[in-house]
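Q: For reference, the chains in residue letters:
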Amino acid sequence: MERAEDAGVFKLTDDLAIVQTVDFFTPIVDDPFDFGQIAVANALSDVYAMGGTPITALNVVCFPNSTMDLSILHKVLEGGLAKMHEAGVILLGGHTVDDPELKYGLAVTGTIRPKDVIHNSTARPGDALILTKPLGTGIISTAIKAGFASKQAIDAVVKSMTALNRTASQVMLEVGVNACKDVTGFGLLGHACEMIEDTTVGLEIEAAAVPLFPQAREYYDTGMVPGGLTRNRDYRKNQVDYNPALPNFLKDILSDPQTSGGLLIAVPQGKAQTLLKKLHAKGVKPATIIGKVVAENKGRIKVT
Amino acid sequence: MTELDVRGLSCPIPVVRTKKAMDDNPRDVITVLLETVTSKENVTRLAASRGYKVKEEAVSGDYRLTLTPSAK
Numbered sequence: 001m002e003r004a005e006d007a008g009v010f011k012l013t014d015d016l017a018i019v020q021t022v023d024f025f026t027p028i029v030d031d032p033f034d035f036g037q038i039a040v041a042n043a044l045s046d047v048y049a050m051g052g053t054p055i056t057a058l059n060v061v062c063f064p065n066s067t068m069d070l071s072i073l074h075k076v077l078e079g080g081l082a083k084m085h086e087a088g089v090i091l092l093g094g095h096t097v098d099d100p101e102l103k104y105g106l107a108v109t110g111t112i113r114p115k116d117v118i119h120n121s122t123a124r125p126g127d128a129l130i131l132t133k134p135l136g137t138g139i140i141s142t143a144i145k146a147g148f149a150s151k152q153a154i155d156a157v158v159k160s161m162t163a164l165n166r167t168a169s170q171v172m173l174e175v176g177v178n179a180c181k182d183v184t185g186f187g188l189l190g191h192a193c194e195m196i197e198d199t200t201v202g203l204e205i206e207a208a209a210v211p212l213f214p215q216a217r218e219y220y221d222t223g224m225v226p227g228g229l230t231r232n233r234d235y236r237k238n239q240v241d242y243n244p245a246l247p248n249f250l251k252d253i254l255s256d257p258q259t260s261g262g263l264l265i266a267v268p269q270g271k272a273q274t275l276l277k278k279l280h281a282k283g284v285k286p287a288t289i290i291g292k293v294v295a296e297n298k299g300r301i302k303v304t
Numbered sequence: 001m002t003e004l005d006v007r008g009l010s011c012p013i014p015v016v017r018t019k020k021a022m023d024d025n026p027r028d029v030i031t032v033l034l035e036t037v038t039s040k041e042n043v044t045r046l047a048a049s050r051g052y053k054v055k056e057e058a059v060s061g062d063y064r065l066t067l068t069p070s071a072k
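In order, the protein sequences belong to chains A and B. 1 is the number of the first residue of the first sequence in our numbering; add one for each residue after it. 1 is the number of the first residue of the second sequence in our numbering; add one for each residue after it.
Since the hints were made in silico from the structure, they are not lab data. Computed from a prediction, not measured in an experiment: that's the story for all the values here.
Here's a subset of chain A near chain B, in silico, CB distances under 7 Å, partners left out:
no. : residue
1   : T142
2   : K145
3   : A146
4   : D221
5   : T222
6   : G223
7   : M224
8   : V225
9   : G227
10  : T230
If you anchor each label on the Cβ, the simulated ranges turn out as follows:
no. : chain 1 : residue 1 : chain 2 : residue 2 : range
11  : A       : G176      : B       : G51       : 51 to 59 Å
12  : B       : V37       : A       : P247      : 13 to 21 Å
13  : A       : G283      : B       : R27       : 45 to 53 Å
14  : B       : D5        : A       : N243      : 33 to 41 Å
15  : A       : D198      : B       : V29       : 45 to 53 Å
16  : B       : S70       : A       : P247      : 17 to 25 Å
17  : B       : M1        : A       : N243      : 35 to 43 Å
18  : B       : G61       : A       : D241      : 28 to 36 Å
The C-beta atom is built at its ideal place from N, Cα and C for all residues, glycine as well.
Start from the sequences and build out the full structure, keeping to the hints where you can.
A: Shown next, in the form of structure tokens:
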């Protein structure tokens with residue numbers, strides 16, 4: 001692959017390629033079992049974004065041996081293993097390093113037919129843009145760290161972050177789409193910019209249509225914005241034209257860094273409703289059309 | 001008057017400290033010395049949501065916010 005993709009693809013034969021990716025990070029929720037599940041769903045997501053099937057994984061662990069009880073690590077790994085079972089992924093082994101801060105994730109190997117690879121930069125003018133999970137995990141994780149998050153808010157983000165992107169990936173392969181990218185640390189706009197960089201298309205995103213966690217607004221207003229949001233927003237400010245009438249919240253949350261976020265899919269307009277209906281029918285309820293790919297405004301995003 | 005120096009602390013700690021100062025002394029003017037744009041914007045949002053008037057100054061590469069409660 002010549003371009004930066006979500007995962008590395010290596011062709012073994014004309015019919016078979018392997019997809020490889022690695023991701024690990026520090027806890028973003030308090031419950032160790034939930035954290036393990038989130039880390040695994042997040043690591044597998046890059047394979048799903050390319051249309052691949054993850055098959056094996058290796059645990060990547062950093063653990064503070066001297067200051068943390070080993071039972072916490074056991075719960076993290078149990079959560080991770082449960083999520084791998086759900087995904088049909090075999091854990092082959094792993095490696096642990098003594099480190100002041102707990103970190104967990106996976107190195108993943110998947111398979112894909114070379115002709116089925118879904119690239120991130122092949123969206124076409126007229127495509128509809130579909131996002132499959134709500135935004136706001138960065139703001140709500142910050143509220144969790146501050147001790148300000150309600151149980152309802154925590155439950156909602158944990159449910160979303162532990163959800164595999166597998167179903168969304170299978171449905172988009174079935175329907176046939178032009179491009180896909182998973183939404184993670186650079187936020188919706190950051191990853192949307194990656195989809196159109198060095199291409200001949202631009203994007204239009206309707207801020208009010210983007211699915212959000214309901215509590216994100218309240219936590220934003222009380223100052224629960226992570227540093228990553230500011231960095232993401234400022235890094236892409238020259239590529240994004242915001243409707244000045246939009247409230248700051250609706251502009252800023254589009255740059256909120258996501259953990260185990262959804263897939264951002266560019267699908268031909270004629271197939272958009274079919275894709276959406278199938279996603280909803282198979283349980284990917286938050287999936288929503290949030291905008292479209294346009295021939296003008298090349299390499300830029302207009303937020304209306 | 002309450003003075004906070006939250007330079008070197010990353011979010012959400014600056015907001016948590018400012019909120020505590022507001023809860024402890026609701027009638028006090030609070031000054032907060034901050035170093036990042038994120039902390040500055042977050043503390044400004046918190047203050048606005050609680051009806052404080054916010055004055056912002058640049059102080060040798062850092063920011064100082066003066067938060068005045070609406071009752072004053």
